[in-house]
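Given chain A, put chains B and C in place with the hints provided.
Chains A, B and C supply the protein sequences, listed in that same order.
Heads up: the first sequence begins at 1 in the working numbering, then just goes up one per residue.
Heads up: the second sequence begins at 1001 in the working numbering, then just goes up one per residue.
Heads up: the third sequence begins at 2001 in the working numbering, then just goes up one per residue.
If you are wondering where the hints come from, they were derived from the structure by calculation, not from laboratory data.
Treat each hint with caution, since some may be false.
[Said to hold, decoys possible] The following label-pair restraints were derived from C-beta to C-beta distances:
id	chain 1	residue 1	chain 2	residue 2	range
1	A	F108	B	T1009	34 to 44 Å
2	A	T286	C	A2120	25 to 35 Å
3	A	G146	C	D2119	16 to 26 Å
4	B	A1093	C	P2240	34 to 44 Å
5	C	N2176	B	T1009	35 to 45 Å
6	B	R1015	C	V2080	37 to 47 Å
7	B	R1015	A	L109	27 to 37 Å
8	B	R1107	A	A15	35 to 45 Å
9	A	L109	C	L2114	35 to 45 Å
10	A	L281	C	Y2006	51 to 61 Å
11	A	F108	B	N1057	27 to 37 Å
12	C	D2119	B	K1136	44 to 54 Å
13	B	E1075	C	D2214	53 to 63 Å
Built from N, CA and C at the ideal position, the CB exists for glycine as well.
Residues per chain are reported as follows:
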Amino acid sequence: MIARLTANVSARSWALIAALLVALLAAPHFANDYLLTILILILYLAYTGQAWNIMMGFAGQLSLGHAIYVGLGAYTAAALYVHFGIGPWIGLLVAIPVAMACGAIIGFLAFRFGVAGVYFAILTIAFAEFARIGFDHISYTGGSGGFFLPVAQYTQNDLWNLRGRPIMFYYVILALTIAAFLFCHALLRSRIGYFWFAIREDEQAARALGIDTFRYKMAAVMISAGMTAVAGVFFAFYYNNLFPEQVFHISRSIELILAPIIGGIGTLFGPAIGAFVLTSLSETMTELLHAFGFDFPGAKQVFYGVCLLIVVVALPDGIWPWVKRRLRLERRA
Amino acid sequence: MSTLLHIDTISKRFRGLVAVDRVSCEVAQGEIFAVIGPNGAGKTTLFNMIAGALSPNEGAITFAGERIDALRPDEVCRRGIARTFQIVRPFPALTVEENVLVGALLRNSDVARATATAQDVLRRLDLFDKRTQVAKSLTLPDRKRLEVARALATSPRLLLLDEVMAGLRPTETDRMVAILRELNAAGLTILLIEHVMRAVMALANRVLVLHHGAPIALGKPADVTRDPAVVESYLGAEAL
Amino acid sequence: MPFEIYLNVAVSGLLTGLVYGLMALGLSVIFGVVRVVNFAHGEMMTIAMYLAIVLFQALKLDPLIMMVPIAGALFALGYVMQAGLINPFVDRPEHSQFMLLVAIAIIMVNVLLLVFGPDARSVQTSYAFDSFAFGPIIVDATKLYAGCAAIIVAAALFAFFKFSFVGKAIRACADNYTGALVVGLNVKRLYALTFGIGAACVGAAGSMLTLIIDVTPPLGPQYTLLAFVIVITGGLGSMPGALLGGVLIGMTEALAGLLFTPSAKSMFAFAILVLVLLFRPQGILGKRTA
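Excised from the complex, chain A in its bound form (with noise of 0.2 Å):
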């Protein structure tokens, strides 16, 4: 299987990887504290790209209520730890679950009762809606008032608890964000990613070669919803604090859709160069204004808006298939 995930793979792109890579790993000793948290974010959203990514990239199913993963996760590994001292990795398999079985219930409704396209993507906003405001009334996890982690001064990091300098949560998403590229990757190859393109592409000449497209669209759903829960987990340990009106509201799900459908949809690398370009870019726009003395609230919101247009009007699909063409990288990525 090794060798299949290595065929096809160009000399180029071997290089390029390589020196990504070192990069990388070799980032926290050279930048700054603010440099690092815009890397951490980075990283974080290039990781729920790709989660986010295999639910519409590869099964074509429009999500825009994806935060509800994210919260679901967040507040299931956070309620363990403050009511129950579990740390964050133990967290992890109970909140994978939840965010599944969420993600089976929507999906379930929706293919069991035909809701496709963009019915489908209203439904899912409707129920990240709903968990916002079901939040905001659960006083075991804090209600509208927000959830909050013990945080202390700690003179080393602490990996169990995921307690500790900045500097240990870049690596921890790294090594997430890594793995979920080698999860895809390998996805994107074996037997449920071609039956997943074939959904994508035409759900009812799939059916006609044999394939169950409920059952793969479910699996599809499922491992979006588990490995984002991941994510929230991270997202939980990192801010220390979760108020349902942030962490479920839409603004959230659009957020960690940007990414992949401006890096590209379907990609491996989309997501991640979608996350890169857009947070770089608003950073430094949102610096430059700084520098200049002025502060908009919505001013990066809007550069967000007017990039999704640019790229949705003229790059239908995302700035890495058209850099791949200029590079001239031959892979199918």
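Quick look at chains B and C alone, frame taken from chain A:
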């Protein structure tokens, strides 16, 4: 020869319109069986019922001894019936090879072995040289062959072809006929809907003629094309 | 609780619901004809509301009077949006169109945030605190006027589509795109016209709504969602359905706010949406697409 597909008095109504009206027939193992008739005669509806896309209001469909009329399309395919669509539906963004690979993956969960199967099928359908081309860039005759190749990759016992000759020039039609003959000689049972009489006469062992959803003739091609009811409803005197 | 309170709340919800219905009518018209899911619908209404507030503060004119020019301004906006941006997308895959409008929506909300800031704004008319009594029912003047205005505009719209030539041409496009082309209708221009009309509905509804609620930029996405819930519940492509859906949602929201906590009232709208999507996806008055 044993009966592979048995259609027993099936009917299909769409809110008052009778699309298929008490059709019965048997397709024997190894046969090439054609269904002809004017447009709107119910041919594709019949196909859709066999393939599981529609369920009959009455009657039964039996394949290799098992009732299949209540099964979903993917279940029907897994039982060994593959179909093509009248308006071809390749997976546009996938390459020719990947298209056929999707079909081959039905019986083979290992991608490498399925790819080998797919390549075999591509060679038989004369598409091997185009295997890295993206499906949406293919010409119509190539797309038709791709559609057949993809269905074939699922290793069916029975292949349903819906107007696979439509839009092909005579030379391409002959090519397709030759390919289908080869497949049939290798043991594949074929059930085809056709308007192109040249292909029907060249291929079919037996022909069923439908008109307004009802069967009006069933038999050898030569006999059926001389049947006065068939001539009047469909062929016209010049066709003979 | 005494029955009168329920009745009052229900009537209040009904009147507000009529305005919601008018807004959703715009969405229904746009989707029914152009087949584009206008994800920027609520944001467009928010623009109209801010326009009403600015004009009221500048000219001291009642929003109900301003309704006409505001509807006109939104018509122009809608027309330009469709003709300039959206028309090329009609043949593109669904998610592409959707993303285009999401992008437009994001830009709209945040430009409003930049220009007007996050604080709530409102309009105080001279009759803001008046009310009428009909037996046991006490109705706010603002809601009554808004509700009546909504009915009038909706009726005008129905008449337009039923009797005018352009209205019939638009319905033809909705029924059969290719057929309309073949018959010689300039479909792209009619699409732009339709989007403009849908936007005008939203403009009118926005003006009316300023009488009833305060405006903040985040209202945009909330109302987009609400419009979808209404249209899907009432029936996509059905104009009476949009009004019916609006009234239904308006009353449900009001009563839910009374019976449970006010913050939970949108949960009911979503619960209804989920149920409709599952069990009757064509909505109450919608036509089942074969």
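Structure-based check of all given hints:
A hinted range of 34 to 44 Å for the beta carbons of F108 (chain A) and T1009 (chain B) is consistent with their spacing of about 37 Å. About 26 Å separates the C-beta atoms of T286 (chain A) and A2120 (chain C), a value consistent with the hinted range of 25 to 35 Å. The hinted range of 16 to 26 Å is satisfied by G146 (chain A) and D2119 (chain C), whose Cβ atoms lie roughly 23 Å apart. About 41 Å separates the C-beta atoms of A1093 (chain B) and P2240 (chain C), a value consistent with the hinted range of 34 to 44 Å.
Taken as a hint, the range 35 to 45 Å holds for the pair N2176 (chain C) and T1009 (chain B), whose Cβ atoms sit roughly 37 Å apart. A beta carbon spacing of about 43 Å between R1015 (chain B) and V2080 (chain C) agrees with the range 37 to 47 Å that was offered as a hint. Separated by about 28 Å at the C-beta atoms, R1015 (chain B) and L109 (chain A) satisfy the suggested range of 27 to 37 Å. A C-beta distance of roughly 39 Å is found between R1107 (chain B) and A15 (chain A), which places it inside the suggested range of 35 to 45 Å.
For L109 (chain A) and L2114 (chain C), the Cβ-Cβ distance of about 39 Å falls inside the hinted range of 35 to 45 Å, so the restraint holds. Roughly 54 Å separates the CB atoms of L281 (chain A) and Y2006 (chain C), a value that falls within the hinted 51 to 61 Å. At about 29 Å, the beta-carbon gap between F108 (chain A) and N1057 (chain B) stays in the expected band of 27 to 37 Å. Checked against the hint of 44 to 54 Å, the pair D2119 (chain C) and K1136 (chain B) passes, with Cβ atoms roughly 52 Å apart.
Judged by the Cβ atoms, the range 53 to 63 Å given for E1075 (chain B) and D2214 (chain C) holds: they are separated by roughly 57 Å.
Hint compliance for this structure: no hint is broken.
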